[in-house]
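Visitor: Once you have looked at the hints, place chain U on chain V.
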Amino acid sequence: MGQWVLLAYRMPREPSTPRISVWRALKRLGALQVSDGLVAVPLDARTREQLTWLAGEVVDHGGEATIWLGQPGSAAEERALVARMKAQIAADYRAVERAAAEASSDQASTRRTLARLRRELRRIGLRDYFPGAARARAAAAVERLGRRLEAAS
Amino acid sequence: MKWATRRGCHVDRAACAWLIRRFIDPAAAFAFVDDPDDLPPDAQAFDIPGAALSHHNGRCSFEAFLRRYDLGDPALLAIGEIVHDADLGDERYGAPEAPGLDVLIRGLSLTLADHEVIDASRPLFGGLYAFKQRQLQLGREPA
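Protein sequences appear in the order of chains V and U. When the letters of the first sequence are read in order and numbered with the working numbering, they come out as residues 1 to 153. When the letters of the second sequence are read in order and numbered with the working numbering, they come out as residues 1001 to 1143.
Everything labelled a hint here was simulated from the structure, so no lab data went into it. Glycine included, each C-beta is placed from N, C-alpha and C at the ideal position. Treat the hints with care, as some may be off.
[What the hints assert, rightly or not] Residues of chain V placed beyond 10 Å of chain U at every Cβ, according to the derived structure: (1) W23; (2) A75; (3) S109.
[To be verified] Which residues of chain U face chain V? A partial, calculated answer using Cβ under 7 Å: (4) G1008; (5) H1055; (6) G1127.
[Unchecked claim] Ranges between beta-carbon positions, derived for each pair: (7) U/G1127 to V/A152: 37 to 43 Å; (8) V/A80 to U/P1142: 53 to 59 Å; (9) V/E77 to U/D1037: 39 to 45 Å; (10) U/E1091 to V/D44: 17 to 23 Å; (11) V/R79 to U/D1090: 44 to 50 Å; (12) V/L126 to U/R1067: 44 to 50 Å.
Pulled out of the complex, with its shape left as it was, chain V reads as follows:
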């Protein structure tokens, strides 16, 4: 089983701005909501650091936060966590795949779409700890769009 880093936290309901900013950062990091006020990500130098800064932000805004390192109690529990993370991110990849397939035939707008989807793929990749088939399909769709554009110009 792998090592995970967890953030247990509680923030005042109001003001909502810092709560939303923490929530956005957790989403960007691809953290999995284990239960109310507890999120987990696979442990590496970057995830640990990002969660540590977020814990500081929570405390700065009058909340409570602790960082934990640990592993799930069983392989089955870990598989379930990983499956939930994969399902979450697969939806993001599908959106990229669909947008690439549906890109218009207008060259200028396709070029913009291609640049946007490449950025989006990179962004998703930064929060994808278990890249699999969904990523490969989305990357292939974006590549096809790039080839189509090259062939047309």
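Guide: What follows is chain U alone, placed relative to chain V:
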């Protein structure tokens, strides 16, 4: 003066070390620790939980330095935006240099010890600073 930060330097700490040597303390000596509890008592701590010169209110440590030392040079502010985007990945400033700079420093940190990362990235930040100064002078990117 002695300065201390966490081991495993990435873009924010490398940028801070450059800023310290260039604008704050040319004779700076750096120490690297695993745990904030191991900080040498005579050292100024940065980019480590609990330090004033660290992440606060969604801003990175480099930005904390700019504020603390009143460094308002527009070229430095531009580097602050790049370092912020590279370190936090939140695209707050949409700095196009950020992903590239992040990858370069992460690559250095894979192959070098912390002291070497700081030394090797110095000319990189020096060059970035010169580029940004020139860009601001010209109103466009230098050739």
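Visitor: Now tell me, hint by hint, if it's right for this structure.
Guide: Status of each hint after checking the structure:
1. W23: holds, 13 Å
2. A75: holds, 29 Å
3. S109: Holds, because the least Cβ-Cβ distance between V/S109 and chain U comes to about 21 Å, which exceeds 10 Å.
4. G1008: holds, 5 Å
5. H1055: holds, 4 Å
6. G1127: violated, 24 Å
7. U/G1127 to V/A152: 37 to 43 Å: holds, 38 Å
8. V/A80 to U/P1142: 53 to 59 Å: holds, 54 Å
9. V/E77 to U/D1037: 39 to 45 Å: Cβ of V/E77 to Cβ of U/D1037: about 32 Å, so the range 39 to 45 Å is violated.
10. U/E1091 to V/D44: 17 to 23 Å: About 21 Å separates the Cβ atoms of U/E1091 and V/D44, which means 17 to 23 Å holds.
11. V/R79 to U/D1090: 44 to 50 Å: violated, 31 Å
12. V/L126 to U/R1067: 44 to 50 Å: violated, 27 Å
Hints 6, 9, 11 and 12, counting from the list given before, are not met by this structure.
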